[in-house]
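**Student:** Chains S and Z, in that order, give the protein sequences. Quick note on numbering: the first sequence equals residues 408 to 867 in this note's numbering. Quick note on numbering: the second sequence equals residues 958 to 1541 in this note's numbering.
Treat the hints with care, since some could be wrong.
Mimicking SDA-like on lysine to any residue, the simulated pairs with C-alpha atoms at most 20 Å apart in a straight line are [as the list claims (entries may be wrong)]: (1) S:K429 x Z:G1016; (2) S:K852 x Z:G1053; (3) Z:K1512 x S:S783; (4) Z:K1448 x S:K834; (5) S:K805 x Z:Y1062; (6) S:K701 x Z:K1512; (7) S:K855 x Z:I1519; (8) S:K701 x Z:F1056; (9) S:K852 x Z:S1509; (10) Z:K1448 x S:S783; (11) S:K855 x Z:V1514; (12) S:K834 x S:K861; (13) S:K855 x Z:T1495; (14) S:K855 x Z:D1518; (15) Z:K1448 x S:D790; (16) S:K458 x Z:L962; (17) Z:K1507 x S:L846; (18) S:K855 x Z:S1501; (19) S:K480 x Z:S1011; (20) S:K855 x Z:D1464; (21) S:K458 x Z:K960; (22) S:K429 x Z:L962; (23) Z:K1050 x S:D523; (24) S:K855 x Z:S1509; (25) Z:K1505 x S:K480.
Cβ-to-Cβ under 10 Å is the rule here; a few derived chain S residues that face chain Z [stated by the list, open to error]: (26) N436; (27) R457; (28) Y685; (29) T692; (30) R703; (31) N704; (32) D726; (33) Q735; (34) G799; (35) G823; (36) Y826.
It should be emphasised that the hints constitute simulated quantities derived from the structure, not laboratory data. The beta-carbon is built from N, C-alpha and C at its ideal position, and this holds for glycine as well.
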Amino acid sequence: MNENVTYKTVSRIAGPLMFVEKVDNVGYNELVEIRLPNGERRTGQVLEARKGLAIVQVFGQTTGLDIENTSVKFLGETARVSVSDEMIGRIFNGLGEPRDDMGPVVSSEKVEIVGDAINPYSREEPSEFIQTGISTIDGMNTLVRGQKLPIFSGSGLPHNRLAAQIARQAKVLSSSEGFSVVFGAMGITSEEANFFINEFRSTGALMRSVLFLNLASDPSMERIILPRVALTTAEYLAYERGMHVLVILSDMTNYCEALREISAAREEVPGRRGYPGYMYTDLSTIYERAGKIKGRNGSITQFPILSMPSDDMTHPIPDLTGYITEGQIVLSRDIHRKGIYPPINVLPSLSRLMNQGIGNGRTREDHRGVADQLYSAYGRGMDLRSLSAIVGQEALGKEDRQYLEFASLFEEKFVGQGYYEDRSIEKTLDLGWELLSTLPEREMKRVKREHIQKYGKWVK
Amino acid sequence: MGKILRVAGPVVTAENIQDAKMYDVVRVGEMGLVGEIIRMENNVSTIQVYEDTSGIKPGDPVESTKRPLSVLLAPGILKSIYDGIQRPLDVIKSQGGDFIRRGLYPDPVDLNKSWDFKTIAKKGDKVKSGDIIGIVKETSIIDHKIMVPLGVEGEITDIMEGKFKPLETVAYVSTSTGVKEVTLGQYWPVRMPRPVKGKLPPNIPLITGQRVIDTFFPVAKGGTVAVPGPFGSGKTVVQHQLAKWADSDIVVYVGCGERGNEMTEILTTFPELTDPRTGSPLMERTVLIANTSNMPVAAREASIYTGVTIAEYFRDMGYNVALMADSTSRWAEALREISGRLEEMPGEEGYPAYLGRRLAEFYERSGNSTIVSSQNRTGSVTIIGAVSPPGGDISEPVSQNTLRVTRVFWGLDASLAQRRHFPSVNWLTSYSLYSGDLRKWYEDNVSPEWFIAYTRSMEILQKESELQEVAQLVGYDALPENEKEVMDIAKSIREDFLQQSAFDEIDTYCSLKKQFLMLSSILKMDEMEKYAVSKGVTVADLQSMPFKEKLSRFKEVREKDIDTYFNDLLKEMENEIKGRADKQ
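Using the sequences plus the hints, can you model the full thing?
**Tutor:** Pasting the structure below:
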């Protein structure tokens, strides 16, 4: 093998792509080191390997590259990142290079960032209840260790506060051990980044966090690499060091935009709304890296945040995400306008792994029933709300008016809570019963009768 | 030896492969990754590779295996979990660890395990293709029947009983073209349907224990179903429920580009669940194919063919097989991705123009069939395909092409799911074209009044949707009492009958008899309430009667108590309603 030959045979540069000719022995996906005429160094990756031609995707800007003097070295390995315990408490860029001034990470372990898929046979079914202290999540869309549960938000909604609150409050009841946080920021503003850094610093969470920042002004190509670097680090911490890692990725919409940008530069056949046809597969290689593995201690729980363009849940980004993740937490502008925090709309929200994490021995025996009953009552209340907008409240029957009242109470008391309010699951469920007791007892078709007797708050 | 010219993702082109034929399997690069030839031009072949191609270089070797992509059909398939090209994931784990490494190709079944082979045919028998010559007891409930391979016909010159490994010869058949060996296992190319003699009309329902399906939108054994729905509408739960409770002999579950944790859920729950008919663990009749979304996309494309070939093989033994594919949209996306890399002219939404044909070919592999064999035998393959339309809008190509070839449509509805009405099958948009074919079976086996009960309740639900429109305009209170009564009954059908909890120990499976009794009690209530309303009782009064609660708890009644419960319920109903009406 001709080790690391340097080529000066760049023939074409277009957008983020660079065509290198007369190459030999270049592998698909191989990492490339590019030296600019001014001595600056950049990295890239082989997108397509042909006989005598390599198409290289440059990470970062292609500003300053030229055809005559740019030299290219093929490194013979795929993209890797150094991982170690020392990364905790540090801040990195999208390629895993330090962004703070604490020097490089010393590590002997270099891991490929494109992780192999977890063998479904090796997975352990996630079932440990995570108490986030937020009623609408714990009570109605329960999160479990190893789950991937995105927040579907919109611009101007407080998803960052919610994510920070979850990172601060999340715990597993059976153990005192907190979560380590791996935070991956893709294309967010420096203000948003500062919010998270300050938040983590003030609660001491920074001491158990690794931050990867790619700000809005940083190269968009790095956004494609960042979640993979972040997850590779998370996998190391979880599966090699036995930690329980909460991965927050914000904002997946920026990631997808970057993906579209590259796809367009590669002149690929576009799918829906110009996003590449393989976006589902691509997203799945990020989201599916959440989970637990049999026989290993740690776990990866993912909290991706994505802002829905014009609050449209059928937009390809939230749509494809929802098909991969195990549910979603949806923020609502209507509820936010009413001044309710966190503005979670429970109706389109869902946690697919809820059943595994709740019930006797995990949370409480009545959990499923209460959640279903709250759902159906609030759903009915919301229907009536739109109906009463047309026909007026007076045209509604007595029972219907009770449901209407219930919906408002539910939003105010159950959904609404403070930024520093950490509700236990018992408190959440009791609150649920309290609200349900404003409805007639005979309407309680989703809860077991013995649970009504045990927990119900109807005045006999 | 062939040489690679170009590598771009899962698509590789190579030149000068010896004996290259379309759809033959090739081994690519030093690691010998498996791929399939999908296009040929002069001496250049285009190959889709079933694994990640990182590090593969132009100039690397390519060699043909001279065999199309095939599955090994042999004892040991049941209870297995495979990826899209029949690699056993449990063995991959023991060989390569918790993450799926490249280049591992363990045998689909343990070739060193011996199975007890009992003969049925004897020396001197004349046999034809597909004839059963012996059996292997594969699991506690399934006999794996060893059949004469297709294309072999003649006289048995020797047949042996005893312990054999899957590829050991158990019989010799003297044919017109020489003596052929029969082994326990056989290979079959996945893209070629296993032939049948003929297809029979589907007239026996696949009983699923799910009320909305069995009563309202039944599927016949050998039928096809499309289950489209946006995310969160409960597609996967419906598929899991069918895999658990459907009364087929064999279940093949293809997790095609879906979530890893869902496959794990099946793997952990199925061994613990028992089949209501046999009392054995459900895993004993199940084959799982798991090609999760982050596993190689080309293998995802192959996964539904691997699944349906295994299903056809068990059908040929005379079994009723149900195949669940979750989700065919992910399969279509894999097709689109590969088509894009081939730079084919895209059709609608970037899907290749042959999407419709490929879908039709797949669904046509279902059916209630007479098997190729001189022994009279029938078997069926029922295909239930989930579709994941973007944004829940079924006007997109995958849904539309699927609807053209399937006969049952269970339309899952996000707004029902949001209200936690599960299964969220929309009763107004869904349909089953088998209802007529199956009527006789239901009338013979459940109750002569079955069909009347079904049509009557559909009418009520239809009427309700009309009344709801009126109520939207004038308000519910403005409706006359007799119309409020219809809405009351419809509500009861929706809440007390159609809603069914997959997670409740009792309600998860509902026998046909219980389904009929539940529906009958609601229709009985309708009769009595109509009488009461005619006597001047208000619907509000009727709604607060204590029997209503009893009716809503019918779901929670164990199968053995349903008759008594039904009779008690009717008595209470009559006392309360009639009592109130006659006081008027």
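**Student:** Next, verify each hint and record whether it holds.
**Tutor:** Hints, verified against the model:
no. : hint             : in the structure
1   : S:K429 x Z:G1016 : 14 Å, holds
2   : S:K852 x Z:G1053 : 50 Å, violated
3   : Z:K1512 x S:S783 : 18 Å, holds
4   : Z:K1448 x S:K834 : 33 Å, violated
5   : S:K805 x Z:Y1062 : 67 Å, violated
6   : S:K701 x Z:K1512 : 37 Å, violated
7   : S:K855 x Z:I1519 : 19 Å, holds
8   : S:K701 x Z:F1056 : 12 Å, holds
9   : S:K852 x Z:S1509 : 7 Å, holds
10  : Z:K1448 x S:S783 : 13 Å, holds
11  : S:K855 x Z:V1514 : 13 Å, holds
12  : S:K834 x S:K861  : 15 Å, holds
13  : S:K855 x Z:T1495 : 29 Å, violated
14  : S:K855 x Z:D1518 : 18 Å, holds
15  : Z:K1448 x S:D790 : 15 Å, holds
16  : S:K458 x Z:L962  : 5 Å, holds
17  : Z:K1507 x S:L846 : 19 Å, holds
18  : S:K855 x Z:S1501 : 19 Å, holds
19  : S:K480 x Z:S1011 : 17 Å, holds
20  : S:K855 x Z:D1464 : 13 Å, holds
21  : S:K458 x Z:K960  : 10 Å, holds
22  : S:K429 x Z:L962  : 13 Å, holds
23  : Z:K1050 x S:D523 : 12 Å, holds
24  : S:K855 x Z:S1509 : 11 Å, holds
25  : Z:K1505 x S:K480 : 78 Å, violated
26  : N436             : 4 Å, holds
27  : R457             : 4 Å, holds
28  : Y685             : 5 Å, holds
29  : T692             : 5 Å, holds
30  : R703             : 7 Å, holds
31  : N704             : 13 Å, violated
32  : D726             : 5 Å, holds
33  : Q735             : 7 Å, holds
34  : G799             : 8 Å, holds
35  : G823             : 20 Å, violated
36  : Y826             : 27 Å, violated
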